[in-house]
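Once you have looked at the hints, place chain X on chain P.
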Amino acid sequence: MQQPSEEPERNAECSEGTSGEPTAVRQHESPPGGGVEPKEPLIQLYLADSIPLLWRSAHVKVARERLGVVGAAVGSLARQPRQNCRLSRPVQLLREEARFLLENGRAELVKALKPQNYEQEVQSYAHYLERNHEEQQKFALEEKKQVLKRVMEDKCKDGAAAPSSIQSVKDSLDSLESSFTFPCSAMMVQLCTARARFSYTPEERLWLSAELANPVDERQKVRYRVFSDLREKGYYLTSAGKFGGDYLVYPGDPLRFHAHFIAVCVPLDKETPLSDYLSLSRLGSNVKKTILLCSPSQTDAKFVHYTSIQWSGMV
Amino acid sequence: MDEGLSGNWMWRHPKFQELTSLDVADSSQLYSAFLVYLDLAEVRQWHEVTCKSCDNLQLIYFEGREGEGAPLQLVVPVQCQCLLSHQWLRSVLSLVSPDGSPHQSVLIVAVASDSSLVYHRFTDGFVTPEPPDHILNTGKRSGRRKRPRV
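Protein chains in written order, with my numbering: chain P, 1 to 315; chain X, 1001 to 1150.
If we strip away everything but chain P, and leave its shape as in the complex, we get (with noise of 0.2 Å):
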């Protein structure tokens, strides 16, 4: 059976660079320091609302393995749609993941592409599918004829049939050629799961537009110099939501490790009550995992304060 979907994917790639959007992107977006090229080709990211999402599993292969981002799968596996214990892409990104990428020029933001004339695309599907059906009518056909001369051959063998059995079953032998009848709803159609973008309506490319807000207030501002500090030590962090933090702290891979801290940031200055940072040390110690406080320093820019709570036990 052919492979029908990489002949449509592939159209639609030439489209994509003969456009020039993506190419001029690229170069915007160039690594700050200008001279050494990246060896790897950018990492896509698509805004859906704001929300940074990885479609392309080369892509996300790249973004975990080479620079720790690891993001959370969100989207349903085709096969096994109904149970989210096990998820696919589009990986879902951190903000300050997104932001880290884009930064460090690993990454380029991909809006939706203008709205183009897809009609080649459709004319050449069409007439592939037309030519889909001729062959499967001419398979049909052959093994139709199998079939009936399967037939006439035991009742022949079998004796105890009667003549006028195998008479018919000769006579819709001989006209089968013309009797025979394909209809298109009796064709098999290969449906494509491997694609990786959205179907571009116009609500869609409205979506699809929406910008990557840069940290507007402080909270998020000492969340992402946290991240990116925490990343250039070589942790993998992931959202720490269900603990009561901001990230989990990973001294490797998330699927080989647990995670070994959760990283609470505060500014430095902020007062907190001290019966927080004992609830904080009490879930810390239940879970075995350290509370690390994170404060961006106020002098240095680059330096972050860390500060490990736990549970003493002394009973």
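These are computed hints drawn from the structure, not numbers from a lab. Don't take each hint at face value.
[Said to hold, decoys possible] Per the computed footprint, the stretches of chain X lying under chain P, defined by three or more beta-carbons under 8 Å from a beta-carbon of chain P, are: (1) 1075–1081; (2) 1086–1098; (3) 1120–1129.
C-beta atoms are modelled at their ideal positions from N, C-alpha and C, and glycine is treated no differently.
Leaving out everything else, chain X in the frame of chain P:
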């Protein structure tokens, strides 16, 4: 004799008077500090418990050893409802020990309104947690074993 059994014995305790003479804290802080001192010296039987004060931070703190020859530790009593900033915690961590080196970690003792004490260790930097004692086997085999065999 009645007087000795009433609450006033606390104010006459020599250690309490020593804390008062440091003249850095208000009465509620003095009370919390005294409770922590009693816990360290009498209940946990720490050695060489000395009380110190810091004028900058307006607090009383203790230094002591958990056992004979154990390293000197910094213990700071704080009332539960106090508001603290990360900056304040860093300043406490920068308090120096008698030999001149700063403490890497400090035991903050939270004193609740019912006089219960909770000890928490605050350390500069990253402290890897203890690994779990055993890995719980949640495989299907253990589940089948638990079902009663009829």
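Status of the hints after comparison with the structure:
Interface restraint, the stretch 1075–1081 of chain X with chain P: holds (4 residues with C-beta to C-beta distance below 8 Å; minimum three). Evaluation of the coverage hint for the stretch 1086–1098 of chain X: fulfilled, as 5 residues show C-beta separations to chain P shorter than 8 Å, against a requirement of three. Counting residues of the stretch 1120–1129 of chain X whose CB lies closer than 8 Å to any CB of chain P gives 10, so the stated coverage by that chain holds, three being the minimum.
Every hint, counting from the list given before, is met by this structure.
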